[in-house]
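A.B. asks: Chain A is already provided as a structure; the job is to place chain B on it using the hints.
Those sequence lines, one after another, are chains A and B. Just so you know, we're using full-length UniProt numbering here: the first sequence kicks off at 1 and counts up by one. Just so you know, we're using full-length UniProt numbering here: the second sequence kicks off at 1 and counts up by one.
Simulated from the structure, these hints should not be mistaken for laboratory data. Only a predicted model underlies this, so the values are computations on that prediction, with no experimental measurement involved. Built from N, CA and C at the ideal position, the CB exists for glycine as well. Please note: incorrect hints may appear among the correct ones.
[Claimed, not checked] Here are some of the chain B residues that sit facing chain A, going by a computed Cβ distance under 7 Å:
#1 123
#2 125
#3 254
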Amino acid sequence: MSDRKPRIRWHIVVFLAPAVAVYSAFMVFPLFNTLRLALYTEVDNVRQFAGLENFRRLFFDPLWADAFWNALGNNVWFFVIHMLVQNPIGILLAAILSHPAIRFVSFYRSVFFIPTILSFVIVGFAWKLILSPIWGIAPALLDAVGLKSLYAPWLGKEEYALTTLALVSVWQFVGIPMMLIYAALLTIPDEILEAGEIDGITGWSAFWKIKLPLILPAIGIISILTFVGNFNAFDLIYAAQGALAGPNFSTDILGTFLYRTFFGFQLQLGDPHMGAAIATAMFGIILVGVCIYLFGIQTRLRRYQF
Amino acid sequence: MNKARRNPLNLFAAHAILLTWTVVALFPVFVILINSFKTRKAIFREPLALPDADSFSLIGYQTVLRQGDFFGYFQNSMIVTVASLFFILLFGAMAAFALSEYRFRGNTLMGLYLALGIMIPIRIGTVAILEMMVALDLVNTLAALILVYTAQGLPLAVFILSEFMRGVSDDLKNAGRIDGLSEYVIFFRLVLPLVRPAMATVAVFNMIPIWNDLWFPLILAPAEETKTLTLGSQVFIGQFVTDWNAVLSALSMAILPALILYVIFSRQLIRGITSGAVK
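Okay, chain B solo, but in the shape it has when bound:
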């Protein structure tokens, strides 16, 4: 195991690999970000140079803010992501509690039914989902996206949360019952606070795919006023494809929220993946 410690060549190779991949992973993001602050000339003359007093320019950002409603897109993405996460966590935790707490006929079957969706992607059902949203008059509303993402996130949420809820002590719940608390109070007041770490894991797992999804916004809500940030930047970049300043600035503005969210939640995310995911 400690051969590398004795063998400096191995350790050197290991560090070389890690540093190489660090550069590979960060290089595209870095290039986009630095060039978004440069004049058009500088972008092409010295693409790898940092912006300096001479080459610094915000013209791309000005175009983006003038031409695209990025704050509106951002707001739509926020609404969709936060609302979906809220419903995934609330409904998922309730169902997980029912499955892990009570013995009733059909419990296992219900668990299997809900778990089915973990492996089968919801996109397969798109044709019928669109037909249904047309019938419900929900096309081009954020509600359509929220409903679909909630349905998509529930299976894994129920699975992870019920694993966690089995670990909550029975004594605590029974003490609550003896005190005359209703099952609802036991769930909301006693159990939910105890599974908060698992809820955070579920939230972080779902947040990234919902925020980044292009498929459902494209199909269910492509109207200007319901565009999410992902779809909005895709359309914007497609229209401004020859305006490099604008494209690079739009990309940077799409990268930024994702990076900020990641910096806030990365510990939670990594802990979630490394603790519970491999069973």
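So here's chain A without its partners, still in its complex pose:
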């Protein structure tokens, strides 16, 4: 580090060493080792270099490709639901909470955040029970408002299960975009809003024309957080539908697909190399998303300093 100077400042090394060692050994190294393992395969219990063979199988061999594209497609839909439902609800709640006429703000904030602190296991099972036709809470509630005909055992139907789980996840995580947007809205100085008011921009139009452009950077951040979180999701699907992501793989996303492939389930043996290939694909997807955000979105957003 300071090799040009006569003495090495050892305290710098001592301060940095533990963090760098643990981080390198248990995060960076396994990450690259996983990417490397994706290039190998196992023949008769011997690890052999296989080049891009695993990826060819994953993307094109019908045995793997069907499951992979299914999981990827489901994952994209999972993300789309979050962007279309979670973030607008979060922004709406934040906009209401930041209004000066609203009282008990800290009470509402705390309550809206409660689902976020619960584990996926709790959330998955709790909703599974509530939506279950055996218990009958969901049909009874729909019946109370005269919509009983709308009820279906959503988690058991191929066409609804994924969307239902995505909405459950939205329910759980709405607190995060709400908090971040709320914080961003609070930083807007009153003078700007008052200047708008003088020009006759109030209420909703003040929100659309003044506040929304100013919180775009925060919306960018929640979008990329949602993206990374969704393409790395696993727990909720596993807790609610099991490793097979039923019914008939209709709720399979990349995380559950990785788990099944890598760890094995029922009759299929685990395959670390194909698992590594899936992990590499997830890494690529997340990397592309983060790069689009960093270079395509973040740099183009105009930031205002007050």
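C.D. replies: The following block gives chain B in isolation, referenced to the frame of chain A:
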């Protein structure tokens, strides 16, 4: 801005939305908690009624305490969470101090290297992590989980703490140096107490994902004696899926510690999110 104040309809709509979401957010937790104290019959006959003298029953909790080692799971979760937080805070603060305090070659590069992990989830490396834990003979130990969570938490901890440490006055540190204090004493005695609020924020940020994680306990430590509360309740509920009393009680017992932690730390958490997160 104050249109709503003049327009009662808008204000009414705003309150209606907030109350609706309050109900939506609390309803599932409420239903689980009240039904965990009811007899099986009452659970199905009147799922939305509060338990009364007639329907009150603790049979679910009795099953849970007899069949599952929930105190053991809870203890494992505590050990893993507290130890991980301790190492994240200690190592993170040390590295943050080195990066924010000293000028040396490679400082920026080291900062970038450590920041890389903020966006890339550690789960991607699971295949190699398991292989390494097998080689180190750490499978089914809590140490494996602690190491992984420490590595996962460090990037954000270093990032947040070094932002804070740049704000600590140089005069104080230089006064310490003139008094002949070593760099280590300056760090532990002078700087650490000053960044305590930031450390609390980092701790609360990391606490929830570590406590709730299902992925790594499932893969690295699924043995009965190393199960965390999250994994333990998942397995338990999977086995007792038809025993509704037991399932509802197990869920309630998993909800309770999270709620208690939240009540204790919610101000810290919310302040952390709203103050530093959006930069």
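A.B. asks: Evaluate each hint against the coordinates.
C.D. replies: Hints, one by one, checked against the model:
1. 123: holds (6 Å)
2. 125: Holds: closest Cβ of chain A sits about 3 Å from residue 125 of chain B, inside 7 Å.
3. 254: Since the shortest Cβ distance to chain A is 5 Å, the answer is holds.
Violated hints for the displayed structure: none, as all numbered hints are satisfied.
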